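Dock chains Z, D and B against the given chain Y, drawing on the hints supplied.
Chains as they are written, first to last, in our numbering: chain Y, 1 to 299; chain Z, 300 to 994; chain D, 995 to 1274; chain B, 1275 to 1594.
Hints in this document: simulated from the structure, not taken from any laboratory.
It is possible that part of the hints are untrue.
Using 25 Å as the maximum straight-line C-alpha spacing, the simulated DSS-like pairs for lysine-lysine come out as follows [what the hints assert, rightly or not]: (1) Y:K257 to Z:K706; (2) B:K1329 to Z:K854; (3) Z:K468 to B:K1329; (4) B:K1323 to Z:K562.
Okay, the calculated bits of chain Z under chain Y, using three or more residues with CB under 8 Å as the criterion [as the list claims (entries may be wrong)]: (5) 501-507; (6) 693-703; (7) 813-825.
Reference listing, derived: stretches of chain Z covered by chain B, where coverage requires no fewer than 3 residues with Cβ under 8 Å from a Cβ of chain B [what the hints assert, rightly or not]: (8) 310-324; (9) 338-351; (10) 649-657.
Fair warning: this is a prediction, and the values are worked out from it, not measured in the lab.
For every residue, glycine included, the Cβ atom is placed at its ideal position computed from N, Cα and C.
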Amino acid sequence: MITTTPEPINAAAASPSRRALRRFRANKIGLFALGMVCVLGLLALTFFILDRLGIPWPMDPNATNLERKLMPPNSVNWLGTDNLGRDVFSRLLNGAYISLTVGFVAVFVSLFIGVTVGSIAGYFGKWVDNLIMRAVDAIMCFPTFFLILTAVALVGPSILNIIVVIGLVSWTGTARLVRAEFLTLRESAYVQAARALGQRGPKIIFRHILPNAAAPILVTAVLGVPEAILAEAGLSFLGFGVQPPQATWGNIIADGKTYILDAWWLILFPGLAILLAALSFYLTGDALRQAVETRSERQ
Amino acid sequence: MPGMSRVRVLIVGIPLLLAAVTAVALWTVARVSVDKKNEMYIGSIGEPTTLNPIQAADSVSGSVTGVVFNGLLKYNAGLEIVGDLASEWDLGQRSTFFFGTDEEAIMAAANLEAGLVDRTALNLQRYSVEGNRLMLELSLPGVSDSRKLAEKFGVPAIPVRTVSITAPKPLGEALAEFAATDPAGRVVRVWTNGNLGELVYLGNEEETLGRLRVWLAERFGEEGLVIEPVLAPEFLAEPEVTFRLHEGVRWHDGAPFTSRDVKFTYDAIMDDRVASPRKPDYELVLSVETPDEQTVRVVYRRPFSPALESWMMSILPAHLLADVPPDQWPLAFNRAPVGTGPFKFAEWKTNQFVRVARNDDYFKGRPHLDSIVFRSLPDPLTLRLAFETRQVDFWSADPWAVGSFRKDERFTLFTSPSNSYNYVGWNLRRPMFQDLRVRQALAHAVNIDQMIRYVLYGYGTQSTGIFTPEMWFFNPDVQPLAYDPEKAKQLLDAAGWVPGPDGVRVKDGKRFAFTLITNNGNVIRSDIATLVQENLRAVGIDVTVEMYEWAVFLKRFVNQGEFDAVVLGWALGQGFDQFQIWHSTQTEPERLNMVGYQSEPADRLLESIREEFDRAEIIRQCGELQQLIYNDQPYLFLFVPEGTSVMWKDAFRVKRPGPDATWIDEPVTMTKAGWSHYLEWFYRPEYAQEAVNNP
Amino acid sequence: MSQPILQVRDLCIDFVLEDRTIEAVKGASFDLASGETLAIVGESGSGKSVTALALTRLLPVPPAKIKRGEILFQGANVMQMDAARLRKLRGGKIAYIFQEPSTSLNPVYTVRTQIGEAIRLHRPDVTDVDAEIVRWLDAVGIVDPAARMHDYPHQLSGGMQQRVMIAMALACQPDVLVADEPTTALDVTIQAQIMELLGSLKERFGMSVILITHNFGIVSGFAARVLVMYRGRIVEQGPTEEILRHPQHPYTRALIDCIPRLGSKDKRLKTIDHAAIPAA
Amino acid sequence: MTAFIIRRLLISVVLLFFISLISFFIITLTPGSPYPWGELNPKVSEDVKRIFREKFHLDRPLHEQYGFIMRDLFTGELRSIKDERPVLQKIAERLPATLVLNLGALALSLSFGLMLGIYGARYAGRPPDVITSILAFVFIALPGFWVSYLLAIGLVSYAAVPILGTHTIGVTFGNGLEVFLDRWWHVMLPASILAIGGIAVQSRFIRASMIETLREDYIRTARAKGLDENAVFYRHALRNSIRPLITGIGMLLPALIGGAVIIENIFAYPGMGRLGYEAVLERDYPTLVALNFVTAALVLVGNLLADVLYAVVDPRVRLE
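Same shape as in the complex, but just chain Y:
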């Protein structure tokens, strides 16, 4: 480590957020991934609106057409049809909305719990921290999968429930992260100063600590989206997911798995969609992490 940092020659160093932005802009892969995320989001939104307006395109995703069932990709059904003759391409586009919504909202739920629990543990420390962290340990010991399975069976498989359950089981990482940030920031000069000025707990948390922990939390959030998408896909795959006929990427695969040896297109394309979406989010998240990191890896 170069301890004697030479002084900069040109103007004063840019603000951290501006520097992060500049770093992010320099990251070609990250930009591309972010572009993908935006395209996906726009697509999902467009098709959601089209669906709500009653203008299904290219076809009604839920219209069955038994004469055309299990057709391989062709000029009418670009990605083939499923066991009821529904157009896979239309279902994929329509499913994007649900899959992405599940991803985002589940992350929101998980962040909300994780940040709250982590803040409480990190701010109060001592036995509160100890108690909460042991509880977090206990939850982390669970094979998450059984937890999700039983929880979904318990509350029933609606979109909202799935979102909540995925959020409920995935907050531990965030909680740990936030707590660690708190433990560091709690001792920092400006928090000490704020405390010396007589500011109260919540104010310190919301005004001084949380904004400074925002960057890593943001990164966790972006990286959490694909995990939630994958979790929904896994659940739907086992038949615990979003109810038919509503298409999601996961339950298109789930419906298709029975025909797997006879109709490969039923699982190939939705799988690729999941892969692509998850990958875009992961790469965006990673680029974001590199950008906000206080020390750039390449230096």
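Just chains Z, D and B now, kept in the frame of chain Y:
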């Protein structure tokens, strides 16, 4: 720096080594020839729960115990009942009529003698008088013959009444003691099993029941004591089956098979500690007697026509189990059973396979195969993967794949109608489904032909009610309701459901909207649900489809009657008794009449079918019942699917004993009892020499 | 004076960061004679450590970039050496002692492993490595060296750690020892001990020493010659006594004024007026 | 050290208690009931159902049921509702297969993760690193069940390679080596898919940790000593960077056991994941509680092991 380079070598070397060994392993596995042994590989979805046949209820356990154990009776290839461990059997019944005085009994006998034209027509063998009782001995159980004979008595017999007793504690000798105190000898029969009892008596209901209640309450307390009348004939009708057992049958451990084993098996099924799901089949048994080692006589308390089939139940070895408390069985016997069947249990690797090996001393001759391996696989897809790599020899083909397998020369296909049907059950507790016109409209609105063509790929027929065409008591005259959406609309209009502003029909301000539920993971059912949804939308009915995990589906919705409509199927046995599914007493939560069907004529038929042993009469009554229920449309009866099993063509042939000590060598063929009926006579053609030398 | 063992000519080093470039060293030139002790003095960021690291091309490239100039060690151009020769040079010819002994020693290896590694590398003829380690630990004044050498760095105090660093540097018998702020991280009393130790070792083994420091106080009495760096430039160089007595550059004066003296109240670096700095 | 382990074990016991409590209440609150013969079996009478409920204390209030289950669990008397066999015996039966599978997956994740992570750190910021990074994210983003199916179809349809179970059944092998390779293949196939995510995560961790370490002062010291890059890298940087690898052992275990559920089903592998999945579907409460208990215990042991390993790798870490 040697340490450093070692680290480097390890870091690169370990993953490369792992990858390399895996690649070599793949190469080895891919190149291994299908060097099959003289074994059969059967794949099944799921693991057997137990290999104790009286405790098992799942089909996987059943397929294993089927080759390890024998029942007293079995079906032959034509689905007729033939002897298995029993070489022959006799049916009979003693019907006892009670009269006010001894003289009346004698008079009735005399009138009977006078009126008899043809004894055999009514199966009467002999009759006798004992005090005030007239006893008829018949060669066929049932109530109708006895009633016809009773018409000739000319003297009115005193009707008998039957009550069932449920006590909070085991009844023990209480009922017998009560009978002994009866001053007028009006208690004619008592029966006790644990907490349950039955009492048959003559005369004044109020008086006897009152005394019984007081007597029992003194001993057991009022709480939990239930005394209620039972539907039973008005005379004592006690059917009897006598089995003559095969000589020289030995258990796999060498011990001889005797009547004691049969008696023990019956006792075990009735033992509460065993919790056998088969107990209801034997609850009407009055006694099982073993006059000698080769004879078993079973007496029933009243006619129960499914009785004979119940003795297809596998028989357990008394010498191994009689001294072991039932809670120890799961630890030893249930994992390593000893039977009398063509194959002996060999090994059970959990979640992998159960292997049974040939029983060289099988009493019907030595089977050809060395062993049978029952592989347990998690789902239909893995089963198919196993079949395609020849890890199992058979596969129940998915309907959409049958076509391509039929074209392929390497396979033999066995297609047969199943004993099952799929339906949409309407919850008759819901007002909207209570109108018959609505239910008929629903039936007319759904295109079942299309469903069969595209969901089953043509492998199925439209269902016309509670029985399937393969059953001998099926009524072929029931005409299915045709697909006719216009008629459906008319019927709905007539029922007051008129199209509303959004196209959905409305009546009294309520939209015709309901939720159709089914379990997830079954593509056929989810396809049905989606198509029903589509078809009904066309006639102005708004259907929401929901799918739940099986356990949730049953517990929360079906068993509680908490649903509007449900897609389900019944897999029926060969029996005609459908009391549990349709009788009006079976509509409570957790019972099987979950749609809440209640019909007096149907109740009467369901009750009388149980007491009928006459084939023609059973056909008539079942036919009537089938028509009756179909007319009521409590279900939308959809279709009876056909099952197709695929076998690698070169895998097996059959060489089985034919008539006159000859051997019939033939390809595996479908019988009424399925392709696997002659399982013990299957052989692999590569091992033909051995099979030929075998006899 | 004999031929200089080390010659630095017009050394220019830039740090290329993602958004800007920093010129860390701007045309530094100086010589080091055999057996001579040279001090390079300057405040943080003046380019003195960068110069020291550049001597054996230890600067991480990128972000550092040697724009021009050459470094000659015994006449050989360090800039053009291949990797093998460079490795011989590092440790074998030019050895370093760093500012922060607690982080400069690898925490997961014992003292013995770390010194032994250096000896095996540069002095393959040594057969009894352990004995050699003990000898050097003893030479830097570590009590019970045979036992101490099995310690991990975190088990030693700061002063002891720095002694180990010195032993590790000397164990390869280098021609030049570069001590980069060897005492900054230590207590004042330990500082004196370490400087005293360095002084005596220098006498004993007769090697050249480059002392990098911001503290004129430790320079006097240790180094014969001083080089003052300010903002990447050598602003002044000459014999120590001369510079101390007649500093020419205002920056030098400011540095000298920082030397703690009895009775002085103000120890802070005096702010210098930019206008007063003569152009290089 | 001993004191540390004892304290950790005590905490573990408390944790295990809570885990059993949570898992019991979640599973019992879930609709469904554990009848081993399927509830739509017309032959089963109410009477039999009642006897059965009494036998498994299902007629008692929940807290008493929990009491019975815990009592039986510790006396080893706990029986599965499905087949009435001791639950511990059922778990023990599957434990070897599960351990082999998960250790296989762990070995793959760690070894490949280490290799790729080091490779990435070595060429940080340059094309090889960019490629391995993207590859790692592709790995993380792959839905495991999807890959399994594609792989399964490919292997079965195009190469007719047996993939199910722990070994090829019904085939006579030439020699012991072939038997071994057959078993190896049957473990490594599901293990590789299980490991895909782990490899990616581990390689990212190792890479980041390695890059961090390379900025340390003692790395400069090592270079200043004249050590070559490989020595600096593998000797001085590596050992200081493998903390995440060890943390990975503790973190991967629960993920693996959970993730194994789908994989075990696809490859018909006789492990604990399949037992657990079947138990969830059948509402086999005792088996589930015991299974969660055993899994959690395994994970806790894994974590403890990781902590002990920290101390072995880094002399600065003291277990207190």
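Legend entry - Violations among the numbered hints, reported as their numbers in ascending order: 5
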